[in-house]
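Peer 1: Chains as they are written, first to last, in numbering that gives the first Met the number 0: chain A, 0 to 541; chain B, 0 to 196.
In short, the hints are calculated from the structure, not lab data. In this text, all values refer to a predicted model and were calculated from it rather than measured experimentally. The beta-carbon is built from N, C-alpha and C at its ideal position, and this holds for glycine as well. Any given hint could be a false lead.
[Stated by the list, open to error] Each computed SDA-like pair below joins lysine to any residue, with the alpha-carbon atoms no more than 20 Å apart:
(1) K183/B to C40/A
(2) K183/B to A39/A
(3) K42/A to V189/B
(4) K183/B to I18/A
(5) K42/A to V186/B
(6) K60/B to M71/A
(7) K477/A to G515/A
(8) K42/A to K183/B
(9) K60/B to K477/A
(10) K60/B to L78/A
(11) K183/B to A45/A
(12) K183/B to D46/A
(13) K60/B to A109/A
(14) K60/B to S76/B
(15) K60/B to A52/A
(16) K60/B to Q76/A
(17) K42/A to E182/B
(18) K42/A to R178/B
(19) K183/B to A52/A
(20) K42/A to D190/B
(21) K183/B to Y19/A
(22) K42/A to Y179/B
(23) K183/B to E16/A
(24) K183/B to E48/A
(25) K183/B to E43/A
[As the list claims (entries may be wrong)] Rough simulated footprint, nothing fancy, chain B against chain A, three-plus residues with beta-carbon under 8 Å:
(26) 14 to 23
(27) 43 to 53
(28) 67 to 77
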Amino acid sequence: MKRDESRCEPIRDLLAELIYGELDEPSERDVRRHIEDCPACRKELADLERIRAVMRSTPELELPAGLEARVMSEARQALPAGETAEPGSEPSGLRALLSRLFAPPALRPALAAALTVLLIAGIAWLLSERRGSVVERHLEKKTAEPVPSFEAPAAPPEEPLEEKRTTAPPPYPTPAAETTASMQVDEPTASEQPGDGIKHDKSPLRFEAEAKDSSGLHDLLASTATGKTKAGGDAPSPAEKPVEKKLAEIAADEDVGMSFGSVKGGAKPTSAANTGGDLDLSAGEAPTGTLGGYASTSVTKVPAKEPAAVDTAAAKSAPKPASPSAAPTPAMPSPGAAPPSPTYMQPAADMEDDEAIEAEEMKPSKGAGTSGKKSWKDKWADYKAKKKAEKKAKKTKKSKKKGKMAESVPAAAAQGPADVDETQDPFDAAMSKKKKKDYPGCISILSSLKKSPSSTTTSPAKVHHQLASCTASSGDAKKALVLYENLLAKHPSYARRHQAMMEAAELYAKLGDKKGARALLEKLLDVPKYEKKAKKKLEKLK
Amino acid sequence: MGSPRTDNELFSLYLEGDAEAFRELFRRHARGLFNFAYRMLRNAALAEEVAQEAFTRVVRKPPDLSRGTKFSTYLYSVGRNLCIDELRKRRVRRHDPLDARRGADGEGRTLAERLAADGPGTDADAMNRELRERIDDALGRLPAEQREVFTLREFADLPFAEVAQAIGCSENTAKSRMRYALEKLRVLLVDLDPEAP
Chain A
0 MKRDESRCEP IRDLLAELIY GELDEPSERD VRRHIEDCPA CRKELADLER IRAVMRSTPE
60 LELPAGLEAR VMSEARQALP AGETAEPGSE PSGLRALLSR LFAPPALRPA LAAALTVLLI
120 AGIAWLLSER RGSVVERHLE KKTAEPVPSF EAPAAPPEEP LEEKRTTAPP PYPTPAAETT
180 ASMQVDEPTA SEQPGDGIKH DKSPLRFEAE AKDSSGLHDL LASTATGKTK AGGDAPSPAE
240 KPVEKKLAEI AADEDVGMSF GSVKGGAKPT SAANTGGDLD LSAGEAPTGT LGGYASTSVT
300 KVPAKEPAAV DTAAAKSAPK PASPSAAPTP AMPSPGAAPP SPTYMQPAAD MEDDEAIEAE
360 EMKPSKGAGT SGKKSWKDKW ADYKAKKKAE KKAKKTKKSK KKGKMAESVP AAAAQGPADV
420 DETQDPFDAA MSKKKKKDYP GCISILSSLK KSPSSTTTSP AKVHHQLASC TASSGDAKKA
480 LVLYENLLAK HPSYARRHQA MMEAAELYAK LGDKKGARAL LEKLLDVPKY EKKAKKKLEK
540 LK
Chain B
0 MGSPRTDNEL FSLYLEGDAE AFRELFRRHA RGLFNFAYRM LRNAALAEEV AQEAFTRVVR
60 KPPDLSRGTK FSTYLYSVGR NLCIDELRKR RVRRHDPLDA RRGADGEGRT LAERLAADGP
120 GTDADAMNRE LRERIDDALG RLPAEQREVF TLREFADLPF AEVAQAIGCS ENTAKSRMRY
180 ALEKLRVLLV DLDPEAP
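This is chain A alone, in the form it adopts within the complex (with noise of 0.2 Å):
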């Protein structure tokens, strides 16, 4: 009996899903009503069974050790950290609400965002506290400085300050400690500031010390912190005369309290003063930026021109201000500020200038002796510009040095930049035009490198063979034949002579020259390495 196929071929799709299990009631009952009545499907459903069979007979691979380990350890570091939970355990608690909150990965960006921002603010305002007491530091420096120009209002005498220490112990030095610690400040001592590093509480010295520099607003603010008003001023003595020099000379060395590296107060620069030197200058722009508007309107001489300096400065090294009340005042000019002395501060725009700054530099204990000490700030400056200026030389040399290469180079490899690389030496410059073929170009750096032989590192000897070679390669066989013989009667120890040799001999076959071709032949018979191509060349001429 002839089986109709067309009826087996929708059951046989089906047999995959009938081993399978995966056909619904009514279709296999379809299909194992079919398989019943014919033996072909029956002996083919029959294989595909025996086929599953052998496949389930057949052990699986086991696991390789280690990759559940190394998987698990790759998913727990995909979680966030402190996220995972104790095996077992489900989060709960706190942990399950924040989870629940802030686990949905399309937040989890958002989320390492803020707290990076919250990072950087919290860093900030760190930093800016510690440059506040960097900044007091300074200011209790120059408590000790003696002013000339001005009438600075008097100190309090000791006594009085001792009695207020004793009725509340001060957290900073008095006015006389300072003293005692600016006149010692090239044996700092562990009392010479007290609490040094980060102190946030001697706002009363601050006013009190920048009113010794200051106008008339500032005694109001210094007698408000220290409950004290002050009268008349204080002439420098001729005792502090020697104070001031031994300040001038320490104003040599820039880290002089500038650094949150100098701890103590102590005047050796550390390598912390390149890293602190910007905070701490924005830093102390503030009280004396802020101040200073004020005194202007009564001090005559130093005060009035910290403010252009301080703002010159900062407009250079400090445009973040580490807050808003360190920030330069720029809306509040000093009307009456006298005209800066010339040797007081540089201004922006001459600060630009290398010389101009290095000339600046020179001044610092001239400065000192024209318009009283400089003050930290102008010190400030100058360290930054010196700073500059030495890296402004490092470039320039080494661009120098780069130049002394370049200039070397023939106008002709200068007309092509895109060929030569400005750092590469002239000599392979030209060596990547020969390969090029473009031998113009390359005759062209190689003769002026002939010409100026210091310009590459390449031996002269070797120029000369190059030039001659790319000579002869060009079709000018008869300038490079010159070339040639001038090479061996220059350069009689030239590593590669003999190759010249046989180069020349080359040439002067070509140019017909059997005598001149013969002569450099038979010389290089002697030669070991050259010895057979010599003969050969001579057979051929002959």
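Fit chain B to the given chain A structure using the hints.
Peer 2: Showing chain B alone in chain A's frame:
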């Protein structure tokens, strides 16, 4: 006692910080994935790499399972793509000759030696090894499309719908490929007796 958690539930727990939920997922699917990769690549070391990489990718870039995608489907599709990448690298994507597979694998070992080394241990039954070798040979003769369908259905135990989803084709195509694969295997393994050990 409640019913065991589904894969997707376990994965959600993992995303909430329960690393142990992921361990459970690993234990459910790692062996299947590893064997699938092994059948596809016929190299245990590469299969291990593929399995590890597939799980790693799942945790590093968690899939969105909210639209009804099953975790297993996603995992196998990642594994399958990795296998295809590997096959492409080796340029044995289609109809690789049997002789080539039997030949040196770079370390100069025969297929049987490789299987012995790659297998569970040297104490594995020789007959089993021979049987597996025959099956591997037969699977190796299948075109990759049929092989992956057969392997996913037979060894990874994915329903045809999931197989189709994992390999990115229609369910009917997957079934059709399965049929051809079975027919070919029927011919290739005609002499094998499933009753033999």
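Peer 1: Now tell me if each hint is right for this structure.
Peer 2: Status of the hints after comparison with the structure:
1. For the suggested pair K183/B and C40/A, the alpha carbons sit about 16 Å apart, so the restraint of at most 20 Å is met.
2. Taking the CA atoms of K183/B and A39/A, the gap is about 16 Å. The hint holds against a cut of 20 Å.
3. Our distance criterion of 20 Å between C-alpha atoms is met by K42/A and V189/B, whose separation comes to about 12 Å.
4. With a CA separation close to 16 Å, the supplied pair K183/B and I18/A stays within the 20 Å bound.
5. A C-alpha spacing of about 13 Å is found between K42/A and V186/B, which places the hinted pair at or below 20 Å, so the restraint holds.
6. As the CA atoms of K60/B and M71/A are separated by approximately 15 Å, the hinted pair is consistent with the 20 Å bound.
7. Distance check on the hinted pair: K477/A and G515/A sit about 13 Å apart at the alpha-carbon level, within 20 Å; holds.
8. Proposed proximity of K42/A and K183/B is supported: the alpha carbons are some 15 Å apart, at most 20 Å.
9. Of the supplied pair hints, the one linking K60/B and K477/A is violated, its CA atoms being roughly 73 Å apart against a limit of 20 Å.
10. Distance restraint check for K60/B and L78/A: the Cα-Cα separation of roughly 11 Å lies within the 20 Å cut-off, and the hinted pair is therefore satisfied.
11. At most 20 Å may separate the alpha-carbon atoms for a hinted pair to count; K183/B and A45/A meet this at roughly 15 Å.
12. Distance check on the hinted pair: K183/B and D46/A sit about 11 Å apart at the alpha-carbon level, within 20 Å; holds.
13. Between K60/B and A109/A the CA atoms are separated by roughly 17 Å; this keeps the pair inside 20 Å, and the hint holds.
14. Of the supplied pair hints, the one linking K60/B and S76/B holds, its CA atoms being roughly 14 Å apart against a limit of 20 Å.
15. With a CA separation close to 38 Å, the supplied pair K60/B and A52/A exceeds the 20 Å bound.
16. For the proposed pair K60/B and Q76/A, the alpha carbon gap of about 12 Å is at most 20 Å, so the pair holds.
17. With a C-alpha separation of about 12 Å, the suggested pairing of K42/A with E182/B holds against the 20 Å cut-off.
18. With a C-alpha separation of about 15 Å, the suggested pair K42/A and R178/B falls inside the 20 Å cut-off, and the hint holds.
19. Of the supplied pair hints, the one linking K183/B and A52/A holds, its CA atoms being roughly 16 Å apart against a limit of 20 Å.
20. With a C-alpha separation of about 15 Å, the suggested pair K42/A and D190/B falls inside the 20 Å cut-off, and the hint holds.
21. Of the pairs offered as hints, the one joining K183/B and Y19/A holds, with about 17 Å between alpha carbons and a cut-off of 20 Å not exceeded.
22. Restraint check for K42/A and Y179/B: the C-alpha separation of about 16 Å stays at or below 20 Å, so the hint holds.
23. Restraint check for K183/B and E16/A: the C-alpha separation of about 17 Å stays at or below 20 Å, so the hint holds.
24. Only pairs whose Cα atoms come within 20 Å are accepted, and K183/B paired with E48/A is accepted, the gap being roughly 14 Å.
25. Between K183/B and E43/A, the direct Cα distance comes to roughly 12 Å. Compliance with the 20 Å bound is thereby established for this hinted pair.
26. For the segment 14 to 23 of chain A, the stated coverage by chain B holds: 5 residues have a C-beta nearer than 8 Å to a C-beta of that chain, and at least 3 were required.
27. With 8 residues having a beta carbon nearer than 8 Å to a beta carbon of chain B, the segment 43 to 53 of chain A meets the requirement of three or more and the stated coverage holds.
28. Only when three residues or more bring their CB closer than 8 Å to a CB of chain B does the claim for the segment 67 to 77 of chain A stand; here the count is 8, and the claim holds.
Comparing the model with each earlier hint shows violations of hints 9 and 15; every other hint is respected.
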